[in-house]
Amino acid sequence: MKKSLVVIIFTLLSCNQSSIQYEYVVKDDTFRNNVLNNNPGEYISLTNGYTYFEEANNSSKIGNVVLVHGFSVPSYIMKTTFNSIKERGFRVIMMDLYGRGFSDNPDLPQTDELRALQVIELMKRRGIKKASVVGLSNGGRIISKIADIEPDLIKDLFYIASSGFYSYDELEDKNVYQEEINNMILKYPEMAESQGNDFFDQDKYPNWINKYKELQTYKGFARALISTTKNLVTLDDVHLKIDSLDIPVYTFWGEFDNVVIYDEFKDRLNKVLPSRSEFFISNSGHLPHMENQDEFEKIFFKYLINN
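If you read the sequence shown in this note's numbering, its first letter stands for residue 30, the second for the next number, and so on.
In short, the hints are calculated from the structure, not lab data.
Among these hints, one or two may not hold up.
List of simulated lysine to aspartate or glutamate pairs, EDC-like, C-alpha gap at most 16 angstroms [as the list claims (entries may be wrong)]: (1) Lys259 with Asp202; (2) Lys248 with Glu84; (3) Lys153 with Asp181; (4) Lys158 with Asp136; (5) Lys108 with Glu84; (6) Lys203 with Asp136; (7) Lys108 with Asp323; (8) Lys56 with Asp136; (9) Lys115 with Glu326; (10) Lys184 with Asp275; (11) Lys295 with Glu284; (12) Lys108 with Asp136; (13) Lys259 with Glu209; (14) Lys327 with Glu83; (15) Lys159 with Asp185; (16) Lys331 with Glu83; (17) Lys295 with Glu326.
Build the full structure now, drawing on both the sequences and the hints.
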């Protein structure tokens, strides 16, 4: 009996500690003011919530570039590419998608369309009529959906380690339940540690995991990730449409990517986007734009500038 009581008390204490450690930060006015005081970006109020974004060279006539991050890590994952584009004089913008980073966590189904419309609305509000759009990992799904909804906004599409070419069986029940949220939060420690798997050599990024742990303090993060997973659908029709519109497409892959496995969808990719230009970046995992920045950017800017 005493042993059982100890187990119960320990479990309650563990749950209480977990609830304090994770998802206790509410994204309210105080939160946003603190973000603005400590970061270079700004906020804009869009249809489904406040969106944090960073922009450079907004009067540039060279061209516009929009960067879209992936599944859970927000726009800071694109910072090296943002800075390089900025240095070359392009107008460049990146934002935190709903449910991620400093942007709002609306209690809405996390469909590709929700986040694609967020990017589209931001582009229009900032007066961007056409842009080269870059999508990383799950962000590849988002840029595909942008091209599907508003193809006239797209100059060309750059996919980096895109996870958008897998096939999925669409779920009937896409609701997110509290038990699922609780279970994910219990797995937050291992989720944070697993972020190192994105890299070919994670020792070069010692602060990466700690940055992710901060994301796990924001209320609504687990709900957003679960909803995103439940709303995944196959995008073959979207990609066939993109190919039919003759939008230039460039795909980049890390040679040692263990997150998005190229061989698992390469046949499908060849069918839906046969006209793409494709590149494999050496000595890199899931984030080739960071791990082998020189090799990636040599190719990236060749096509960004000359297309």
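Structure-based check of each hint:
| no. | hint | verdict |
| --- | --- | --- |
| 1 | Lys259 with Asp202 | holds (8 angstroms) |
| 2 | Lys248 with Glu84 | violated (26 angstroms) |
| 3 | Lys153 with Asp181 | holds (12 angstroms) |
| 4 | Lys158 with Asp136 | violated (30 angstroms) |
| 5 | Lys108 with Glu84 | holds (11 angstroms) |
| 6 | Lys203 with Asp136 | holds (13 angstroms) |
| 7 | Lys108 with Asp323 | holds (14 angstroms) |
| 8 | Lys56 with Asp136 | holds (13 angstroms) |
| 9 | Lys115 with Glu326 | holds (13 angstroms) |
| 10 | Lys184 with Asp275 | holds (10 angstroms) |
| 11 | Lys295 with Glu284 | holds (14 angstroms) |
| 12 | Lys108 with Asp136 | violated (28 angstroms) |
| 13 | Lys259 with Glu209 | holds (12 angstroms) |
| 14 | Lys327 with Glu83 | violated (24 angstroms) |
| 15 | Lys159 with Asp185 | holds (9 angstroms) |
| 16 | Lys331 with Glu83 | violated (24 angstroms) |
| 17 | Lys295 with Glu326 | violated (23 angstroms) |
Hints 2, 4, 12, 14, 16, 17 from the earlier list are contradicted by this structure; the remaining hints agree with it.
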